[in-house]
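Just so you know, the protein sequences line up as chains A and B, in that order. Residue numbering for the first sequence follows the working numbering, starting at 116 and increasing by one per position. Residue numbering for the second sequence follows the working numbering, starting at 116 and increasing by one per position.
The hints are simulated quantities; they were obtained by calculation from the structure and are not laboratory data. A hint or two may mislead.
Put simply, identical chains are the same to the list, so a pair is met inside one copy or across any two.
As the list claims (entries may be wrong) - Computed list of lysine to any residue pairs in SDA-like fashion (alpha-carbon distance at most 25 angstroms, straight line): (1) K123 / T165; (2) K244 / G398; (3) K244 / P216; (4) K288 / D480; (5) K244 / D480; (6) K244 / R465; (7) K288 / R169; (8) K123 / A466; (9) K288 / H127; (10) K244 / P365; (11) K244 / E254; (12) K123 / M162; (13) K288 / Q453; (14) K123 / R156; (15) K123 / D157; (16) K288 / D489; (17) K123 / G153; (18) K244 / A406; (19) K123 / P308; (20) K123 / A402; (21) K123 / I416; (22) K288 / R436; (23) K288 / A239; (24) K244 / V220; (25) K244 / G293.
The model shown is predicted, which means the values in this text are computed figures rather than measured ones.
Chain by chain, the residues:
Number of protein chains: 2
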Amino acid sequence: MTDFAATKRLFHLPEGIVYLDGNSLGPLPRAAPARLEGTLRDEWGEMLITGWNRAGWMDQPRRTGDRVGRLIGAEAGHVVMGDTLSIKVWQALAAALELRPDRRVILSDSGNFPSDLYMAEGLAGLLDKGHELRVVEPEALAEHITDEVAVALITEVDYRTGRLHDMRALTAKAHAAGALTVWDLAHSAGALPVDLSGAGADFAVGCTYKYLNGGPGAPAFIYVAPRHADHARPALSGWLGHAAPFAFEPRYRAGDGIERMRVGTPPVLALAALDAALDVWDGVDMAALRARSLELTALFIEEVEARCPRLQLVTPRAPDRRGSQVSFRFAEGYAAMQALIARGVIGDFRAPDIMRFGITPLYIDEADIRRAVDVLAEVMEGDLWDDPAYRARAAVT
Amino acid sequence: MTDFAATKRLFHLPEGIVYLDGNSLGPLPRAAPARLEGTLRDEWGEMLITGWNRAGWMDQPRRTGDRVGRLIGAEAGHVVMGDTLSIKVWQALAAALELRPDRRVILSDSGNFPSDLYMAEGLAGLLDKGHELRVVEPEALAEHITDEVAVALITEVDYRTGRLHDMRALTAKAHAAGALTVWDLAHSAGALPVDLSGAGADFAVGCTYKYLNGGPGAPAFIYVAPRHADHARPALSGWLGHAAPFAFEPRYRAGDGIERMRVGTPPVLALAALDAALDVWDGVDMAALRARSLELTALFIEEVEARCPRLQLVTPRAPDRRGSQVSFRFAEGYAAMQALIARGVIGDFRAPDIMRFGITPLYIDEADIRRAVDVLAEVMEGDLWDDPAYRARAAVT
Chain A
116 MTDFAATKRL FHLPEGIVYL DGNSLGPLPR AAPARLEGTL RDEWGEMLIT
166 GWNRAGWMDQ PRRTGDRVGR LIGAEAGHVV MGDTLSIKVW QALAAALELR
216 PDRRVILSDS GNFPSDLYMA EGLAGLLDKG HELRVVEPEA LAEHITDEVA
266 VALITEVDYR TGRLHDMRAL TAKAHAAGAL TVWDLAHSAG ALPVDLSGAG
316 ADFAVGCTYK YLNGGPGAPA FIYVAPRHAD HARPALSGWL GHAAPFAFEP
366 RYRAGDGIER MRVGTPPVLA LAALDAALDV WDGVDMAALR ARSLELTALF
416 IEEVEARCPR LQLVTPRAPD RRGSQVSFRF AEGYAAMQAL IARGVIGDFR
466 APDIMRFGIT PLYIDEADIR RAVDVLAEVM EGDLWDDPAY RARAAVT
Chain B
116 MTDFAATKRL FHLPEGIVYL DGNSLGPLPR AAPARLEGTL RDEWGEMLIT
166 GWNRAGWMDQ PRRTGDRVGR LIGAEAGHVV MGDTLSIKVW QALAAALELR
216 PDRRVILSDS GNFPSDLYMA EGLAGLLDKG HELRVVEPEA LAEHITDEVA
266 VALITEVDYR TGRLHDMRAL TAKAHAAGAL TVWDLAHSAG ALPVDLSGAG
316 ADFAVGCTYK YLNGGPGAPA FIYVAPRHAD HARPALSGWL GHAAPFAFEP
366 RYRAGDGIER MRVGTPPVLA LAALDAALDV WDGVDMAALR ARSLELTALF
416 IEEVEARCPR LQLVTPRAPD RRGSQVSFRF AEGYAAMQAL IARGVIGDFR
466 APDIMRFGIT PLYIDEADIR RAVDVLAEVM EGDLWDDPAY RARAAVT
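Okay, chain A solo, but in the shape it has when bound:
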């Protein structure tokens, strides 16, 4: 039984704030400053260059990768950290396309995060072999998985609506059609149980600064299924993915398995902060996390719908079809969110009209939800939003 009152105490949460934006940037783990200071003073400061071996910096992308791997149902030794999520999307997609050389369709949906689509577009342009990035409505994704599709590039949880794709079913459908899958777990890792291995996912990528609380710009991760790990060709063939990086050979030879998805020098300081953040997860049972997430999101939906009739729910109501965020549509959403933030409830806004609230069970509890709804109801109340002067004022508060 996970003690969420205890996990909440492991975070620094500013006085008077209800933070419902941990799906964008998680808060500071209390242990992170001391951990980072140790990395700076005791490792970098004292060990200097020898820290690469003595402090284990060189292997940290794999060690930390395994810690993330446990949270996403990856086989041990098949996740590695590094770079940014956009780079990891590109890397996974390039490798996947090469495993399906006779197909030309990259399938994705309009609920995918734009950077994933941009990276796919850039890769298709570079390859110049007629690849088509086919972007369909999220609900129509399954029916578009045909034998034309080389790779389905899917973000499991929609960054705007919080809608959850069925990873197992879509992966099975892709495999039946002879296609591969690249799953983006940006809004899944740490938000809900993920079972990459059980679902048969081919590739997966994600970031660690959202639900995993690794800090602004924390490193990304990549997973390659064991059956592909020694066949996937790394297009970004950097020295740390080489079979023998310190032999300084003139030609590239891909390292074993997930090692080949490493590119350049690991971001040691960022990995230290992330590692401190991952300590919080050590005692967390993912099923308990999911139960609490669904309980809190359900409460939030119920209370907001009861008290804020102007707001229209866009997150699926069915528990098995949503992640750990709740979004509402409101034409004056930008102004309303500014007003809310000014009153100490931090969510965020996504154009054109989405008010987005991340419900992160590690540090959000029922009292936070009730307080957030109270403030939201106050912001939304009465006939104020029919008054242009009020709307203008709210926008600049």
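Dock chain B against chain A, hints included.
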């Protein structure tokens, strides 16, 4: 007049150590721990998601880029930080190749860092259009710049020998042949004056954990000459290189100038450490740095040659042909370097037989050089290296 005794005091250097490996990983700037703690506690901790604007995290890759830009002779607004050096090499090379669509040769030399060659090899393979990576001897580089060459990918200072290429002459030769240049400044930035603008360089990339002391895995930088900045197409087309990242448009539109070379979310913590490290450079005159570097390297060469006859200099003797490191060849170099490190003088070893010493004027002074030579002479002295038992012992000390 730069006060190098003062800059030395700005670094933490472990007691009893002479650190001649700052060309691999610079030491800890004394200001870095407090700076990073402030970024963690006052920015991430208190501002949470609002730090992207309030603490200026989003613009930091450009701000820090300009600080690096000053040290490498870049025009203001044409350098941006992010990713790793390998990624930046790839990005520059991909953009450059696209500017020379009718040519198929990527020219480089065997003194280039292997990761640069690996990335070029990976890119050529991915493009699958018959690009040839032509790797020649460093001394033969100029004569191989012909009208077949699309791009010359050159590391200015050889990571093993310290040999310095003539950036101005090679760039002029490349341009005369209709080719472009990508300069890797890994061992140049902070090591000697670089004049990208004056030399007419097309692209340049580099890392910040060597002479710039940004910390293990510190972010890389990329420069694109103003004349190319709005034409270079970003193959790694991530959202932060988009003209309007937060409009979340479905299609990619490249941002203005150097902005388009951004890819994913900036590494905020690593940039904070780097920024503290760059403060040290504020008062440093690059001509004075170069003068001191040449003085110290000349002293080191002279003393080692006088006292360690077994060591064979591989760094060019002519001051204008070397960077800020000195390398010697010795068949038992690995063992000798281990013995040296065990005695508190830290250099490094590069296979098969190179003992490498970085002479970094910000914190290395004449006393350090003399002490290093004393210890090196002690390690090398007498007939010991003819004795297999001693060699074996030295290797494990």
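- Enumerate the violated hints, using their earlier numbering and listing them in ascending order. 2, 4, 5, 6, 7, 8, 9, 11, 13, 16, 18
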